[in-house]
Structure formats: structure tokens, C-alpha cells
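The numbering used here applies: residue 1 is where the sequence shown begins, and numbers increase by one.
Just so you know, the hints here were simulated from the structure itself, not pulled from any lab data. No residue lacks a Cβ here, since even glycine has one placed at the ideal position from N, Cα and C. Incorrect hints may have been included.
[What the hints assert, rightly or not] Just the calculated beta-carbon pair ranges, DEER-fashion:
hint : residue 1 : residue 2 : range
1    : 206       : 113       : 23 to 31 Å
2    : 231       : 125       : 15 to 23 Å
3    : 68        : 124       : 39 to 47 Å
4    : 138       : 42        : 29 to 37 Å
5    : 234       : 111       : 21 to 29 Å
6    : 149       : 93        : 31 to 39 Å
7    : 85        : 113       : 27 to 35 Å
8    : 68        : 210       : 41 to 49 Å
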Amino acid sequence: MIKFFRKIRQKLLTENKFTKYLLYAIGEILLVVIGILIALRINSWNTNNENIALEKVYLERLKEDHSYNINEYSFRVNYFITKKSSIEAYLKGNDGNQSYSWINFVMAHQTRTSSYNELLSTGSLKIIRDTRLREMLDNLKAFTEHSYRELEYLRQFSVLDQKALRSIAQHDYSIVNDSLIIARSIDIEKLSNAPELKKILSNWRKISMMYITALNSLVDRNQKVLNRIECLQSVNGCED
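Given the sequences, and given the hints that come with them, work out the whole structure.
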């Protein structure tokens, strides 16, 4: 094709048809430019399609992450509600056969943010075209980090009291299916004679309430992100 156009230009020059040669050259340049623009357009179209496909993958992964987080936080909320009730029963002098297992309620926090972290580390967050969702993800990250700092402080504070509370623990032994089962409970009599330990339990009750409040907030914010993702994945999309 290049040789063909070159022969035409040479023929026009040899015939001293400079005006036609100039017009032909301009036309040839325009054809090349148009060809480049078409190629760029096709390349842009292909890239856009790839990004849309990748966005769908990340939306599904984000959906899984936030569903996991909601379940994890909800489990912990129920856990602390139960433990708070156990503490209140002991403080009233009624163990009610409550388990002493809540003594280890100062568990570390777990959350799943691998998909969002990957988007950040690879500079691919803009693949998520919905500006509102991107803002929600950024805000949730900041809120989660702030909440975890507060919860970790409470956890460390609670750890310091564990050894003191062990002094009022009692062990019950039983055999179930040929296995030794060790259950722990609080010695109510010892507790009634230890006001400093009652104070620790009272503090733990307050800490449990603070955990419940913080975790419920995390559930709520993760649920809003999940709702936004499901809205974007729906056939009609989001109106706002």
C-alpha cells in the first residue's frame, strides 16, 4: 500500500503537477491521521471494556468482604451482649449457672479489606466508576481504623484485669463421652467479699457496652457500603 501511494506521488512530480501532488499529500496525511484516531478509539474502547469487566470482579469481591465483615461484627455484638448479661448476673449475686468463658472476651479484632487494599496499592481505585462508592470506601477505612484504635485500647485495658479475676474462678470437672470437661465459673462468695473485683467486673460491663456501640456502628457503615454495591450491580443501577 505504501509503495502504491509512493508511485502516485512520484508520477505527479514527474508530470509537474505540483498542485495535485500537494493536495494528494495532504489527503494522504489526513487518511493517516484518521487511521490513527480510529486505532486509538478502538484501543480506548477495548481498555474501557476491560475496565468494566474488572470493575464487576472487584465489586463482587468487595461485596464478599463487606458481607463477611457484617457477619463478623454481628457475631461479636451478640457475644458482648451475652457477656454483659453474665457480668450483670454475677454482680447481682446470681450466677444462674453462667459460664465463666466470658473472662476471655478480650479477643483481637478481625476484618477483611483485601480487595480495597489491592485497589489502593495498585492505583486502580478509579476502576470503580461510582464516585459515591469510592467516597464511602475511603470514609469507612478511616472510621474503621479510628474504631479499632479505641477498641484495642479497651482490649489492652481489659487484659490487665484478667489475672485479678482468676482468683475468684472455680473449676468444675465432668466426664462427657469419655472426655474430661473443665468448666469455669465465678465463686459468688469470694466475689461478695472482694469489692475491688466487683469494680473490675463493673468496668468490664461498661467496656462491653462500648464494644457493642462501636461494633454496631461498624455493622451499619459496612451495610451501607454493601447496599450501594448491590444497587450498582442491579439491572437498573442507582438513581443517585
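How the hints compare with the structure:
no.	hint	in the structure
1	206 - 113: 23 to 31 Å	holds (29 Å)
2	231 - 125: 15 to 23 Å	holds (19 Å)
3	68 - 124: 39 to 47 Å	violated (21 Å)
4	138 - 42: 29 to 37 Å	holds (34 Å)
5	234 - 111: 21 to 29 Å	holds (26 Å)
6	149 - 93: 31 to 39 Å	holds (36 Å)
7	85 - 113: 27 to 35 Å	holds (31 Å)
8	68 - 210: 41 to 49 Å	violated (23 Å)
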